[in-house]
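4 protein chains.
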Amino acid sequence: MSSFGTIFKVTTFGESHCDSVGCIVEGCPPGLALTEDDVQPQLTRRRPGQSKLSTPRNEKDQVKIHSGTEHGYTLGSPIGMSVKNQDHRPGDYSETDLYPRPSHADWTYIQKYGVKSASGGGRSSARETIGRVAAGAVAEKVLAKVNNVEIVAFVSSIGNVSMNRDPQDETFQKVLQTVTREEVDGVGPIRCPDEGVREEMVKVIEKYRDAKDSIGGVVTCVVRNCPIGLGEPCFDKLEAKLAHAMLSLPATKGFEFGSGFAGTQIPGSKHNDPFVWDETKQRLTTKTNNSGGIQGGISNGENIYFSVAFKSAATISQEQETATYEGKSGVLAARGRHDPSVTPRAVPIVEAMTALVLCDAYMIQQSRNATRLSISDN
Amino acid sequence: MSSFGTIFKVTTFGESHCDSVGCIVEGCPPGLALTEDDVQPQLTRRRPGQSKLSTPRNEKDQVKIHSGTEHGYTLGSPIGMSVKNQDHRPGDYSETDLYPRPSHADWTYIQKYGVKSASGGGRSSARETIGRVAAGAVAEKVLAKVNNVEIVAFVSSIGNVSMNRDPQDETFQKVLQTVTREEVDGVGPIRCPDEGVREEMVKVIEKYRDAKDSIGGVVTCVVRNCPIGLGEPCFDKLEAKLAHAMLSLPATKGFEFGSGFAGTQIPGSKHNDPFVWDETKQRLTTKTNNSGGIQGGISNGENIYFSVAFKSAATISQEQETATYEGKSGVLAARGRHDPSVTPRAVPIVEAMTALVLCDAYMIQQSRNATRLSISDN
Amino acid sequence: MSSFGTIFKVTTFGESHCDSVGCIVEGCPPGLALTEDDVQPQLTRRRPGQSKLSTPRNEKDQVKIHSGTEHGYTLGSPIGMSVKNQDHRPGDYSETDLYPRPSHADWTYIQKYGVKSASGGGRSSARETIGRVAAGAVAEKVLAKVNNVEIVAFVSSIGNVSMNRDPQDETFQKVLQTVTREEVDGVGPIRCPDEGVREEMVKVIEKYRDAKDSIGGVVTCVVRNCPIGLGEPCFDKLEAKLAHAMLSLPATKGFEFGSGFAGTQIPGSKHNDPFVWDETKQRLTTKTNNSGGIQGGISNGENIYFSVAFKSAATISQEQETATYEGKSGVLAARGRHDPSVTPRAVPIVEAMTALVLCDAYMIQQSRNATRLSISDN
Amino acid sequence: MSSFGTIFKVTTFGESHCDSVGCIVEGCPPGLALTEDDVQPQLTRRRPGQSKLSTPRNEKDQVKIHSGTEHGYTLGSPIGMSVKNQDHRPGDYSETDLYPRPSHADWTYIQKYGVKSASGGGRSSARETIGRVAAGAVAEKVLAKVNNVEIVAFVSSIGNVSMNRDPQDETFQKVLQTVTREEVDGVGPIRCPDEGVREEMVKVIEKYRDAKDSIGGVVTCVVRNCPIGLGEPCFDKLEAKLAHAMLSLPATKGFEFGSGFAGTQIPGSKHNDPFVWDETKQRLTTKTNNSGGIQGGISNGENIYFSVAFKSAATISQEQETATYEGKSGVLAARGRHDPSVTPRAVPIVEAMTALVLCDAYMIQQSRNATRLSISDN
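Protein chains in written order, with the UniProt record's numbering: chain A, 1 to 378; chain B, 1 to 378; chain C, 1 to 378; chain D, 1 to 378.
Simulated from the structure, these hints should not be mistaken for laboratory data. No experiment lies behind these values; they were computed from the predicted model shown. Note that beta-carbon positions come from the ideal geometry of N, C-alpha and C, so glycine has one too.
Pair by pair, the computed Cβ-Cβ distance ranges are:
hint: 1; chain 1: A; residue 1: 171; chain 2: B; residue 2: 335; range: 35 to 41 Å
hint: 2; chain 1: C; residue 1: 41; chain 2: D; residue 2: 60; range: 56 to 62 Å
hint: 3; chain 1: C; residue 1: 287; chain 2: D; residue 2: 174; range: 40 to 46 Å
hint: 4; chain 1: B; residue 1: 64; chain 2: C; residue 2: 287; range: 42 to 48 Å
hint: 5; chain 1: B; residue 1: 336; chain 2: A; residue 2: 37; range: 55 to 61 Å
hint: 6; chain 1: C; residue 1: 72; chain 2: B; residue 2: 280; range: 33 to 39 Å
hint: 7; chain 1: B; residue 1: 33; chain 2: A; residue 2: 325; range: 37 to 43 Å
hint: 8; chain 1: C; residue 1: 36; chain 2: B; residue 2: 64; range: 55 to 61 Å
hint: 9; chain 1: A; residue 1: 336; chain 2: C; residue 2: 72; range: 26 to 32 Å
hint: 10; chain 1: D; residue 1: 164; chain 2: A; residue 2: 376; range: 41 to 47 Å
hint: 11; chain 1: C; residue 1: 330; chain 2: D; residue 2: 187; range: 41 to 47 Å
Work out the full structure: start from the sequences and follow the hints.
Right under this line is the structure:
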C-alpha cells in the first residue's frame, strides 16, 4: 500500500499526471522546529533538470506544509505536505499509447488495476517519490536532534565503473567515515565522491546518452551515529526494513549491507567482527565492520552502510522491437529526451527512505526502553 | 515485531531455550485440506542433523496443529501450531557467558532489551524460523491450489564456488524453468542442482569444517506460475516484500532479483524485456526476463527469481580474539561442533518466506479485484 | 493515530488553525466514477452555519481531489483530498488562553504533547472530521455500487426529548426501513424524522441556546442492504469496528446496537431472533431484529442499526467557575456564539464513519471469499 | 482479525472444539517478573462451573507459558501461552445440527466462511476469550508496575435490577473509588458490590434459570491511577479503543463511558467538569468527573469508568420456534443446562481487555514522550 512505518509513519499520494503529489507524516514528535526550509533542500536535490546529464523536464517542486506545525514547531499532529505538478501534460505520451513500454509498469498496472492511466504506470513514476523525500526530511531532523545522526548516500558505481566497495578496503572505509552531502554534491551531477572513477562515470553516462540508451548504477549509503538497539526481531530486523524501503524505490534490483554478497566468500574467522573496548565511548565497539553496523537485526553503534542496485532506465529514446497491447509486433521509440541514468538522482531518495526506517525504529525502541525503565524496581 | 503479513498473517513465538516454538496463522482461507502431514515435510527439510555436513544437534521437530482445522480442513480461524524444544539445555553456553560472540546477536540483544537470556541472542537463533516454515507450508498449499504455484529454492554458491547466475545464461534459465525440490534434495546435503559445481562446493564446506571455520553462500529461488498482478505500489512492491522477508532471515547479507546487481551494467536497450504475444497463453509475455517476473512492483506472469546472500556462520569452534562484556581482551572458542555452512539448510526457509509474501499479496489483490468486479456496471 | 482501516484505509490531517484539512484514501477499487461532486454534498451537510440553530462560523468547505482519479474515474491509487481553512484566525481564542476549557481537550493535549497549540485541543476540533466525511463519501459510492447499500443517520433524541427507540416498536422499525436522507434534511435543522418529537427538540435547543448553554443528544443510524458476512472475528467484529469508529468522533459518550442497553432486560426467549425462510430472498432471515443486523460479529443481511450518544457541547458562552493552567480559580466565558447542540451536524459524520467501516469490512471479506473460491476443487 | 494492539499486541487462537486455546503476546517490555502464577488467577475467575448459578461445564484451564520468559522474567520476546481444551466433545451439539441457533453465530459463520464447524459459531465461543484473559494478565502486571494502575470490574445490573449509575450519585462514585476485586468476588457469584441490589439480582437469575431462560446485564469497570496522556487522536482516542475492545467481546450490545447516554440530557453548564488545583498531586484535577477520566480522547488522570451491556445468552434450554438451515419451520431446544447469565463471568474478561488497551496506549505514549524529550534542546 502507500503507507510505511508503524509509529513514525508516512502515507503518500499522487502520480505524474494529477494536480499534486505529497504525503501525510503521522507520529512526528511534538516540539520539533520545522518549516518548509527544512524540507525543500532534499526536494531540490531530487529535482530533475539540474544538469545536462539529466532529463530537461523542469519542475519547481516547491513544498508546502498544510498542517501539523504552528509558529515553526511541530504539534505532534499529522503533517500534511504537498508539491504541485506544474508540468503535467496528460496527452504527452499519447502517440505511444499503443505499446506497453518494455520493462516499465504500463502492462502490469493494467493487469492489476484493470484501468489504463494517462501515465501508463501510474504510481510507478519517480514523481511518486516526492512524498517520501518530504517525509524523510522530517525524519532526518528528528534523528539529527536525537543523536546527531548523519545519513549520506552517494553513487558508487555507474555501469561497469565502480568504486572499490570491499568492506576491508581502507579507502572505502575512509569514505564511509567522512563523506558529506556537500562533498557528494560538490563533485558535479554524478555524485560520486571518488575522484579516481568519477570522470569515467561521466563518460559512461554520456556514451549511453548519446546512443539514446541508458545505464544503471549503484548507490551506497552510510549512517553515522545511529543509536544502538534499533531494529525489531524477528521480522522487522533493521536490515529487513532497510531492504524493504530500498526495494520499494522505482528501478531497484538489489540490496546488500555490510560485507554483502562478497561477504559470502569470506570465512567466518575473518568475517566475524571482534569486540574491542573503546575508551572514548566507554563501551564495546567492533574492530572491523563486516556486519555493517547491524548484528542480529539490531544496530550496534558502528556505521551502518549498504548498497542499492538501480537498473538502467527502462524509457529510452532509441527504437525497440516489442509488441502492442493487442500483441502485434512493432517498434517503439519514446518521444523526447530521457534520463540516461537515474542513479545520481536516487541519492536523496535513498537517504529519505533510510531516515524513515531509522526514525520509526528509534521511536519503537524508545517505547520499549522507556516502559522497561518505568517498570524497573530501581 | 514478530508478525508478518496483512491479510494472510503469521505471528511467531519461541527461542532455543524455552518449552516450544511455533506460530499463529491468521487469514487462511477456509475449506483448505490441511493436516500436520502438509506441514511436516518442510520442517523436516529444515531440521539440523541430517548429514555429516551439518550440526549434530538432533531435534525431532514434530509439528502439532492446535486449532483452526476440523476433520482435516481449515475453518478460516487462526491456525495455532507448535514444535517442542526437545534438546534445550539452558546451561549449555555457560562457559562462554563472559564473551559476547563476535558478529552474533549477544551484545546487541542486551543493549536492546536490557536483559541477558540464556541463549544470548534470544530470538536471533535459527530455531525461531520453525514458525515461519510451518506457516509457509500453509501458504504454499493455498498457492498450489490457486494456480499451481511452484516455489523452489536451491544453493547457487558456496564461498567462491558459484553457478553461473547470469540471467541471459541458457543453462541458468533452464534450471529456473525446471528445477524441482526432489532434484534439489536428491543431490545430497549441498542442495545445488548444478552438477558442474556441486562437488567443489562440498569440498569447500569440508575444508572450512575441518578448519573449525565456516563459509557463506547464496540461495537462489524461483517461483513459477505466479498469478499476474501481485504486489502493492508504492511501498509494498512485490520485490520490496520479498526483500523484507529474506533480510529478516538470520545471517542474510543481501537480496537481488532478476538481473540484480549485475543488471546495473547492462544498458537499457539490452536490459529491457520486449513484449511478445504468446499464442498458448493468449496474452503478452516477455522475450527475456531480466525483470525477474516483476515490473513496476507487480508480478507479470514470468518466473520470479531472486538470490539471497548468507554470511559465513558467526559461531565457529576455532579460537577468536575478542573482548568480554566488560571489555577485557581474551580468546573465545565455541564449545561443541557447529554448522560450517547454514546455507543449504536455508533452502526451505527461503521457500517458506516466499510463500508467505505471495499468499498475502494474492489475497490483497483478490480483495481489490473482486471488489472492482462487484462495482462494475457490466 | 490518524489512520483508519486495513484495506480501504483513510489517513487524515489538519486542525482548525492551519492551511487546510484533508485526507488520503488508500485501497479504493479502480474504475469507480468519482469527482468532487460525489464528495461535496456530505461536506456541505456537515458544514456549520446552515441555520440559526447552529454556529455562524462560515466556511465554504469546497473539496478538491488532488490525485487518484483521471477522467472522472478512480485509478486504484491513493486519493488525496483537501479543503481550505478559510476562516482561521489563530488569535481568536487568545483572551481565554489562561484557562483550559472545562471538558475540552486543551489540558489533556498539553499533557500529552507537551506543546500548546493556538486551537487548544489541536486535532480535537470538529474540523478534523472533514477528512473523514470526504473519505466516507468515497466509501459510500463503493457500497452503493456493490449492493445498493443505504446508510441513513438521524437525530433520535435531544436532551430528554426522545423518539421511541425500542427495537420492538413498530413505528421505530418503520423509520429504520424507510427513512431517507432527503427526509432527514427536509425537516429542518434538527434532522429528526419523527414529527411527534421534532418540534419539542427545536424548543429544547432554543432554550439552551438562549441560556448560553448547550445540550446533548443521540444520533441513530441504519444500514440497509448490507452484504452478508462482513466483520472479522474475533477482535474486529463488525459492532466492535462500528463502536471504535463512533467513539472516535468528538463529543461522543456511548454506542449501542440492536436492542442495546435496553436489551439487557429482555430475556433470551424474547430477545432471540427466530429464523424464518424468506421466499423472495430465497434464504433465511430473522423474524425480529434485536440483533441489529449483526450476529457473532458478522452481518446477517438484516438492517444494521445503532445509536451514538453525543454530550452537551463543552464550549458555552456563559461564565464557568474553573481554574487557570497554573491552578488559580477564576471565571471563564467563551467569546462569541457557540453551537448549542452539535448533534444534528453529527449526522453526516456518523454516516461517513459507518461507510468507512463497512467498505473496509467488505473488501476484507471479498479477499477471503474470492480466495476460498479460487482454491475450491469445483 | 485475531490480533489486537499496535506495540503491546496480542494474537489469539482456538475455538471450543480443538486441542487448545491461547495467545502470543508481542511487545511486552523485558525484565518483568512473570510466571504462570501471575496469569492463572484471572483465568480461574473466568472459568465456568464455579457456582450453581453458572454452567456446570468443568474445565481446569491451567495456563502454560511456552516462551518469552526465563528464570521468571520476561525477555522482551513474544510470550506464547496456551490452555488445553479438556472437555471438548465434538459430537455434543449434533442433535441440533439441523438448526442454526437463533441470535447465535451459527448461520453467519457459515455465510462468512462457507464451512460449518462442529461448534457452529467457531470463534464466537466464549472459550476464545481465554487468550485475551491470559494476555490481559500480563498487561495488568506492566500497568501495576508503571503507576500502580488498578482495574476493577463488577456487575452493575442484571435484567431490570440495577445499581444507581448516575455519575453524580455519591454512592456510585464511592464504589468507583474504593471497590476491589476481593470485594467483588467476596459477595458471591453475582459479583455486584452493592448489597442493596445484590440479593434481588440473584433472584432474577434464579428465576430465569428455573424458566430455562436467560437474562442480560451490565458490567461496569473502573480504572484508577491511569497515567495522564494516554489515547491517540484522532481515530484511536482512548474511549474508541475501549469501545472497540468491549464490543469485540461475545454477547455485548453497548458501551458508554463517564456520563454515558444519560449524560446527553445534562446541559453543558452542569456536565462540564471544572478544573481545580490539587495540592497533593500538585496539578489540576477536575471537580466532577462526567468525562469519565477521558477528555479529547486522552486520559486526564481522573478515574476512567465505563459500562458494557451484555445481552441475555442466546443459548437457552427451553423450546424455541425457528427454522432449519434449509428453511423448514421447527422447534429447537438446546440440550443440557446453560448459563442463565453470562454477565458475572464477563467481569475478568472486561478487565483483561481494559488492560490490553491501556498498556498499548501507554507504550505508544512512552514512544512519543521519550522521543520528544530526546530531541529537546534542554
